[in-house]
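Assemble the whole structure, with the sequences as input and the hints as a guide.
Protein chains in written order, with this note's numbering: chain A, 278 to 546; chain B, 10 to 119.
Calculated lysine-lysine pairs in the DSS-like style (CA-CA distance at most 30 Å, straight line):
1) Lys90(B) x Lys390(A)
2) Lys501(A) x Lys30(B)
3) Lys90(B) x Lys387(A)
Hints in this document: simulated from the structure, not taken from any laboratory.
Read off the chains here:
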Amino acid sequence: MYIDPHIHMVSRTTDDYEQLAKMGCVAMSEPAFWAGYDRGSAAGFRDYFEQLTSFEPTRAAQYGVQHFTWLCINAKEAENVALSREVIAMIPEFINRPNVLGIGEIGLNKNTKNEATIFLEHMELAHRLGELILIHTPHLADKHPGTRMILDMLGGDAQTNPQRVLVDHVEEHTIRPVLEAGYWAGMTLYPVTKCTPERAADMVELYGPERLMVNSAGDWGPSKPTAVPDFILEMRRRGHAESLIRRVVYENPLEFFGGCRRFAFAERE
Amino acid sequence: MSANRTAQEVLDREYLPVRAKILEIAAALDRIDRAAESSARPERLTDLRAGIELLLRDKPGRAELIQRHFSLEYEESWRAKFGLETSSSATSPGARESVALDLGAQHSGD
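What follows is the structure, given as structure tokens:
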């Protein structure tokens with residue numbers, strides 16, 4: 278059994294739900310993200326939030342998978358500050374839907390001033406509403422400076438509780454500062470631009486399982502929704518205990534999500 | 010943390026995959042050389058070659074080093090550059106300095 282704490286099912290076919298269920302996925306968490314193009318209005322986000330909070334949980338339930346979600350305007354579209362503020366103002370209308378875990382995936386993309394401004398406004402909303410935060414760190418060459426900037430912004434706010442923040446897409450050069458600052462860290466198993474199951478296993482060996490998760494971030498691009506089972510297999514092939522594997526792929530997500538007052542997970546007996 | 014594998018066991022398991030990856034890199038570099046028009050940006054090739062040289066480092070930490078090699082630099086002064094001013098009132102865990110929003114910069118963010 279495992280949980281995928283970061284996967285964009287809105288971009289996947291129903292066949293993927295079936296395959297994930299067959300491979301042992303019992304729950305998933307889907308952050309709000311980029312649609313593959315820049316949306317033209319806040320109305321587009323309203324429909325998207327409706328899809329995340331009502332249609333996707335129904336689609337997942339057909340295969341016995343529990344679906345949870347997060348709300349925000351993503352880092353790419355955050356470059357449009359006016360649109361971002363309309364979307365942020367809309368979030369409270371949806372935040373108390375049963376499957377919503379918090380604010381995410383907020384973050385930086387190209388590390389611009391507008392992105393940082395909107396990141397801070399999302400943080401302020403999350404703190405005001407008492408919500409968990411899920412953070413997207415930039416890709417490739419932007420990841421190192423962007424992660425540092427994100428840690429600056431998190432650390433610069435006295436209301437930040439590291440136990441309630443998940444910094445995602447960490448890699449070898451960003452995982453240590455994230456964990457040392459007390460945040461949760463997610464490793465994303467995604468071809469070419471992010472991590473592999475093997476490198477994720479290396480990082481679990483180097484840093485231990487505490488506050489560490491793995492995810493597939495399956496989305497519109499060439500990605501593998503079954504990447505978490507690949508990680509599980511790699512860890513088994515290296516001879517690691519089932520208890521260690523279970524902690525990373527099942528217990529840690531449950532522990533982090535449990536910080537949300539709405540989180541109701543039906544454990545399989 | 011390890012699962013009690015010896016270096017020999019790891020090497021035996023990794024040898025063929027690493028060999029295959031080295032061949033992929035070699036073939037890609039050959040492809041660049043064979044291209045009809047040699048217009049590849051030299052700095053990107055230099056970047057790749059420098060990354061390859063880092064593989065030959067004789068101590069652990071190569072993956073992190075290579076990640077840093079291919080990264081842009083972090084600018085300590087980014088908040089001043091963006092007009093997001095700092096203050097000295099940070100008290101949260103792990104804070105080095107706090108951030109106070111520059112309301113003027115916020116409303117002119119477009």
